[in-house]
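Each chain, letter by letter, is given below.
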Amino acid sequence: MAKSKQLANKQKIDGYQIEDGFSQLEGKKKIEMLKKMYQIRYFEEQTEQFIIRGMIHGTCHLYTGQEASAVGAVYAIGGDDYITSTHRGHGHCISKGADLKRMMAELLGKKTGYCKGKGGSMHIADIESGNLGANGIVGGGLGIATGAGLTCKMKYANEKMVLCFFGDGAANQGIFHESVNMASIWGLPVIYFCENNIYGMSTPTDDAFNIDKISDRKLAYGIEGLTIDGNDVAQVYNTVAHFAQACRKGKGPVLIEAQTYRWKGHSKSDAQVYRSKKEVKEWMQKDPIKRYAQKLVKEDVMGEAEVSQLEEEVGNTIAEAVDFAKESAFPSPSEVEDDVYFVKQ
Amino acid sequence: MAKSKQLANKQKIDGYQIEDGFSQLEGKKKIEMLKKMYQIRYFEEQTEQFIIRGMIHGTCHLYTGQEASAVGAVYAIGGDDYITSTHRGHGHCISKGADLKRMMAELLGKKTGYCKGKGGSMHIADIESGNLGANGIVGGGLGIATGAGLTCKMKYANEKMVLCFFGDGAANQGIFHESVNMASIWGLPVIYFCENNIYGMSTPTDDAFNIDKISDRKLAYGIEGLTIDGNDVAQVYNTVAHFAQACRKGKGPVLIEAQTYRWKGHSKSDAQVYRSKKEVKEWMQKDPIKRYAQKLVKEDVMGEAEVSQLEEEVGNTIAEAVDFAKESAFPSPSEVEDDVYFVKQ
Amino acid sequence: MRKITYLEALREAMQQMMREDEDVFLLGEDIAEYGGAFGVTVGMLEEFGKERIRNTPISEAAIVGVGIGSAVTGMRPIAEIMFSDFLTIAMDQIANQAAKIRYQFGGKAKVPLVVRTPGGGGTGAASQHSQSLEGLVAHIPGLKVVMPSCPYDAKGLLISAVYDGNPVIFIEHKLLYKNKKYVQDVPEKAYKVPIGKADIKRKGKDITLVASSFMVQRSLSVAEMLYEEQGTDIEVVDLRTLRPLDISLILESVKKTGRLLCVEEAPIFGGFMGEVAAQVTEKAFDWLDAPPHRVAGRNCPVPYSLVLEQEMIPSEERIKKGVEDILTAV
Amino acid sequence: MRKITYLEALREAMQQMMREDEDVFLLGEDIAEYGGAFGVTVGMLEEFGKERIRNTPISEAAIVGVGIGSAVTGMRPIAEIMFSDFLTIAMDQIANQAAKIRYQFGGKAKVPLVVRTPGGGGTGAASQHSQSLEGLVAHIPGLKVVMPSCPYDAKGLLISAVYDGNPVIFIEHKLLYKNKKYVQDVPEKAYKVPIGKADIKRKGKDITLVASSFMVQRSLSVAEMLYEEQGTDIEVVDLRTLRPLDISLILESVKKTGRLLCVEEAPIFGGFMGEVAAQVTEKAFDWLDAPPHRVAGRNCPVPYSLVLEQEMIPSEERIKKGVEDILTAV
Ligand SMILES: Cc1ncc(C[n+]2csc(CCOP(=O)(O)OP(=O)(O)O)c2C)c(N)n1
Ligand SMILES: Cc1ncc(C[n+]2csc(CCOP(=O)(O)OP(=O)(O)O)c2C)c(N)n1
Ligand SMILES: [Mg+2]
Ligand SMILES: [Mg+2]
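Protein chains in written order, with this note's numbering: chain A, 36 to 380; chain B, 36 to 380; chain C, 334 to 663; chain D, 334 to 663.
What the hints contain is simulated information worked out from the structure, not anything from laboratory work. Take the hints with a grain of salt, since some may be wrong.
What the hints assert, rightly or not - Once the Cα atoms are required to be at most 30 Å apart in a straight line, the calculated DSSO-like pairs of lysine-lysine come out as:
| no. | chain 1 | residue 1 | chain 2 | residue 2 |
| --- | --- | --- | --- | --- |
| 1 | A | K248 | C | K383 |
| 2 | C | K441 | B | K379 |
| 3 | A | K379 | D | K441 |
| 4 | B | K379 | C | K525 |
| 5 | B | K286 | C | K383 |
| 6 | C | K383 | A | K303 |
| 7 | D | K654 | B | K146 |
| 8 | D | K538 | C | K616 |
| 9 | A | K284 | B | K248 |
| 10 | C | K383 | B | K190 |
| 11 | C | K522 | C | K536 |
| 12 | A | K70 | D | K441 |
| 13 | C | K443 | B | K146 |
| 14 | A | K316 | C | K383 |
| 15 | C | K534 | D | K616 |
| 16 | D | K589 | C | K588 |
| 17 | C | K530 | B | K379 |
| 18 | A | K379 | D | K525 |
| 19 | A | K190 | D | K383 |
| 20 | C | K441 | B | K146 |
| 21 | D | K616 | C | K616 |
| 22 | B | K248 | A | K248 |
| 23 | C | K653 | D | K616 |
| 24 | C | K654 | D | K616 |
| 25 | B | K313 | D | K383 |
| 26 | B | K379 | C | K522 |
| 27 | A | K146 | D | K441 |
| 28 | C | K589 | D | K616 |
| 29 | A | K146 | C | K654 |
| 30 | D | K588 | C | K588 |
| 31 | B | K303 | D | K383 |
| 32 | A | K379 | D | K534 |
| 33 | D | K514 | B | K303 |
| 34 | D | K443 | A | K284 |
With the rest of the complex left out, here is chain A (with noise of 0.2 Å):
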């Protein structure tokens, strides 16, 4: 998609010359990327109410606050692309196309569910997508996606390419260490996409690093690297679109750091006692769903009954998979081991 367009005027972003790909997009892509968003929020929205009736066996890592992050890198990549996620997984599932159903069925633990039940939250996949899945090892997908990264070399001559999901936590990982470097060395299409939410867990960023910007370490593996605002989803997408075309032109991996903020807990059990309300507060204030939709309003894209129809449309689509999600059975015990191997028929 990012191939195609025309040059627009650039942008100066944390010193690279970027073009303004997302505002020569269509109308109606720029609505669906707010729909995307909103189908992310309520998702969540609705993820919290399960938990809070016991309806979750298990955990789940809330995205909220998070969207535009999610949906304006994935919408910059092709369908073709490949992208793999993290154990706070359910907006990248989304934005790829995810879905909501079969989603939801599998936080209840239901046989439609994307794992038959098997994975839950933190194992979403939908490889025929190009999800390579969440992981519930932080720092997880750092090898896989570079592994990916060289299918795409290999088989593909860099026409698809990666979107590689993890946090700020991730970033102290051996494995992020070793996947970039290998990345660099061998020219792979991988665009590392840290998301910065300023917390790993209840670890601020500023005890577990001692550098500024994350994205800073792009000089320890001699690639590209920025720090963009993670919550403007025009400049993710702008960002994200220029280096996938660098990717595909086989310059190699970039290191993108976004900062965003999550809203919620860590996870169902989490106190909160590392931050103040006040600080959350000001986040929220600054949410980036609101300030989408106020762009697109303000720039005529749609107007503000627009929005609201979106919106019940949205709440819609959340009720209908709920209602799928309830009324799928259970996996029979009987199928515990299945899927384990691959068998050949």
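Go by the hints and put chains B, C and D with the ligands onto chain A.
Showing chains B, C and D with the ligands alone in chain A's frame:
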């Protein structure tokens, strides 16, 4: 040691102003350092003989050609400080004051060896002298060094510090990343001393890194770092002394890259197809020992005759070590399960 | 005495050691303000400060590596790995460094490191947060492996572990931490439960059940149930320590009952209880009235959905059936 | 046919697959110019180029991680880990990613990844380069574990592994690679030896020896020796695949001989053969004339000095004694 020195004239090394403490050392000390370098060289020549004659069960990684690096660095820290070493550890070990007899005995698998014959070349350690051990795992010393640094901070208020040797190859292990980051955020007194001998086994650094200087990885952790001539014992000494002082002041870790070259094959069984004889020869012309001896003669610290005498002395020491090792007994098979666990008396 | 939970017992052990001994400190992810993912260290930051309740980045290999380095140089670190599944990330540090340093240096180093970590399933945390990986570490010479099943043992074993002088993998269980059902009288003073000693948690004469950690509790429930229902008198042996294994106590019990059922949460194939069954057969063949059997986890990762998870992990019903099968055999 | 070594058989398998199938490629440390630490891939760079004989930095976790990612997206990577001891560094990738991806995604992914790695001792490489860690991986559901003992099996099993569609940990043995004693007739054409099938390497009627990899060869020597010396007729079962285990063949053999000795290079405690012994006891108790026994590595790391190393690893003498002990028992 470095602590007590007066500030001398400074040199600029890779952007840092480093005081030339070396030139102020007593002649005796300077000669001792040369002696250590010879000890390493001759020890390795003897080891090579053992290898050729099939007397080494297992493999060995010779330090020949890198002598300035170990000696310069170890002499710049205190006797109470810690080092961690590598698979190519004989040089570090000798520099830290190990007994050549017990080292040689270990190589021959004798009970009188440092490890009672249980460790061999890759595991010689001497905790009492502060040598926390060679390591058969590439990168294996990095975590341990960082932990020793934590002890230095918590128990000794940074009066003790740690010198962590590792190779260029090890800098691409995940544990490098995690360790240096942890030392940085906690301000631990650790000098990460990367001996870049241009190859990790057969792999040239050019193939394993996409950056020119390994020391630039300092930028990923917000620490100091620089690249030095690892074959210049004075420069190594001065640089390590400078940063050892900083460590003791609580300024945290540093990443030093010392450029050097290994003269011999990677290990016992290396046909060296990956490099040219010419390249090896060129580096051998830059022999760090000859260079240092010439410097001492030129500066009138010692005469040429004294150098020869020193060489002879060292030759005798090695011969004694060989005798000791050969005459020593093998361990008894009945000891095989001893020393697995610490048992309270 | 007062009754406290398993979690409280662990915390108390750490607090008491840290008050007495400057060398003891904790490191791990989110152990400070947050108090650890399961709350074991809640409140400890306030008492001991952040130097000794040392929050780390998400770097499991370095957490253990730093633990090793500080242990070798004189500290007594207690490293927390948030879920035992992540031991795999630190496996080189555990198996190649911590376990081998003493031996490969010819007995001239000590590694008094404790790695605390919660294992086991039953919380719906799925495949990467529910494993029982004790078999992996128990196979490595140089390590000790401890798995307490109750508050009393938890406190006493943790104190023993910190002062053992060897690397100890100390595996706790998520379902034991806060469950009021398992509270116990625990002495307020510090005390040790010896490492390497199993414990008969219920005396019986008809069959020996060998288990560890949460499976001890489940085995005890079954024992009570079967005693009431059918008068079957089960002896429950709690391994407490997997390595070194207290095989003599197990043999004693089996020689008395003539029958052995091993109960294990990990997938049965290649699991630790194979060792126990094999050793018992080797050493007490003539006393056995029936072949030793194992009731263990299914041969699959731990699944998410409750119905599947309950099927994967040995239930009371499965243990009961295992007992009945052995008793009716021969 | 021509006789080739184990190493040549492995190389030939890889060459043939790579000529046929663009998706097959190798990655690992020093596998290109150097041809791998043991020379298995010597000459392959020249034929296939550096894209497909892909030299990596020293980053074991990423080597396996990259293998997984490329496998999931359609390639058939063969990753080489230079020594099996370093599997520990990649253990999270192996146990939490490769092994679990298919299951946790509900059966909707395939991970056709082979991890080739040499295990075992006998080379004086000491504690961190001599381990037999198959027990660690064989316990993990989702993995297959293959350990060929001879050139014929090596070639056929490697081809099966690459086309199995599941992650396979393929453990070779350093002492088998080049030893001319073990050369064999090996078909020039590509062929498969099925994964999951054990093989009777020597028929006998007095006792069953179960072993894998190099210990099969050592067991065969002992079998010949004892047959000549005493007429003892030993059946040697080569597991070939540890997971899935071909228990039915083992049971068949044990039901015939009534006696089982497991031979294993790894330290005995918690090793894989505990599983074999336990399963045989569970399933063939009434056929056993004596309790199954194990001759295995001592409970220590592999020491350096030759005298110690020979004591640690099961020798022919120890195996012989193990056989005699069982035969004289009862
Ligand atoms: C290897 C590993 N270590 C620790 C955890 C526990 N854990 C889950 S999420 C998380 C924080 C991750 O932080 P970050 O990468 O910044 O992602 P975020 O949660 O902020 O989205 C932690 C510590 C884990 N799942 N895996
Ligand atoms: C974890 C691990 N991977 C691989 C090896 C095999 N190996 C031993 S030394 C070596 C090269 C190390 O290179 P470098 O760190 O530059 O040290 P150098 O040998 O050049 O001194 C390799 C690959 C090992 N011992 N440990
Ligand atoms: Mg975060
Ligand atoms: Mg090197």
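For each hint, the structure was consulted:
{"no.": "1", "hint": "A:K248 / C:K383", "verdict": "holds (25 Å)"}
{"no.": "2", "hint": "C:K441 / B:K379", "verdict": "holds (14 Å)"}
{"no.": "3", "hint": "A:K379 / D:K441", "verdict": "holds (14 Å)"}
{"no.": "4", "hint": "B:K379 / C:K525", "verdict": "holds (15 Å)"}
{"no.": "5", "hint": "B:K286 / C:K383", "verdict": "holds (19 Å)"}
{"no.": "6", "hint": "C:K383 / A:K303", "verdict": "holds (26 Å)"}
{"no.": "7", "hint": "D:K654 / B:K146", "verdict": "holds (28 Å)"}
{"no.": "8", "hint": "D:K538 / C:K616", "verdict": "holds (24 Å)"}
{"no.": "9", "hint": "A:K284 / B:K248", "verdict": "holds (26 Å)"}
{"no.": "10", "hint": "C:K383 / B:K190", "verdict": "holds (15 Å)"}
{"no.": "11", "hint": "C:K522 / C:K536", "verdict": "holds (28 Å)"}
{"no.": "12", "hint": "A:K70 / D:K441", "verdict": "holds (28 Å)"}
{"no.": "13", "hint": "C:K443 / B:K146", "verdict": "holds (20 Å)"}
{"no.": "14", "hint": "A:K316 / C:K383", "verdict": "holds (28 Å)"}
{"no.": "15", "hint": "C:K534 / D:K616", "verdict": "holds (29 Å)"}
{"no.": "16", "hint": "D:K589 / C:K588", "verdict": "holds (28 Å)"}
{"no.": "17", "hint": "C:K530 / B:K379", "verdict": "holds (16 Å)"}
{"no.": "18", "hint": "A:K379 / D:K525", "verdict": "holds (15 Å)"}
{"no.": "19", "hint": "A:K190 / D:K383", "verdict": "holds (15 Å)"}
{"no.": "20", "hint": "C:K441 / B:K146", "verdict": "holds (13 Å)"}
{"no.": "21", "hint": "D:K616 / C:K616", "verdict": "holds (18 Å)"}
{"no.": "22", "hint": "B:K248 / A:K248", "verdict": "holds (21 Å)"}
{"no.": "23", "hint": "C:K653 / D:K616", "verdict": "holds (20 Å)"}
{"no.": "24", "hint": "C:K654 / D:K616", "verdict": "holds (17 Å)"}
{"no.": "25", "hint": "B:K313 / D:K383", "verdict": "holds (24 Å)"}
{"no.": "26", "hint": "B:K379 / C:K522", "verdict": "holds (23 Å)"}
{"no.": "27", "hint": "A:K146 / D:K441", "verdict": "holds (13 Å)"}
{"no.": "28", "hint": "C:K589 / D:K616", "verdict": "holds (23 Å)"}
{"no.": "29", "hint": "A:K146 / C:K654", "verdict": "holds (28 Å)"}
{"no.": "30", "hint": "D:K588 / C:K588", "verdict": "holds (26 Å)"}
{"no.": "31", "hint": "B:K303 / D:K383", "verdict": "holds (26 Å)"}
{"no.": "32", "hint": "A:K379 / D:K534", "verdict": "holds (28 Å)"}
{"no.": "33", "hint": "D:K514 / B:K303", "verdict": "holds (23 Å)"}
{"no.": "34", "hint": "D:K443 / A:K284", "verdict": "holds (29 Å)"}
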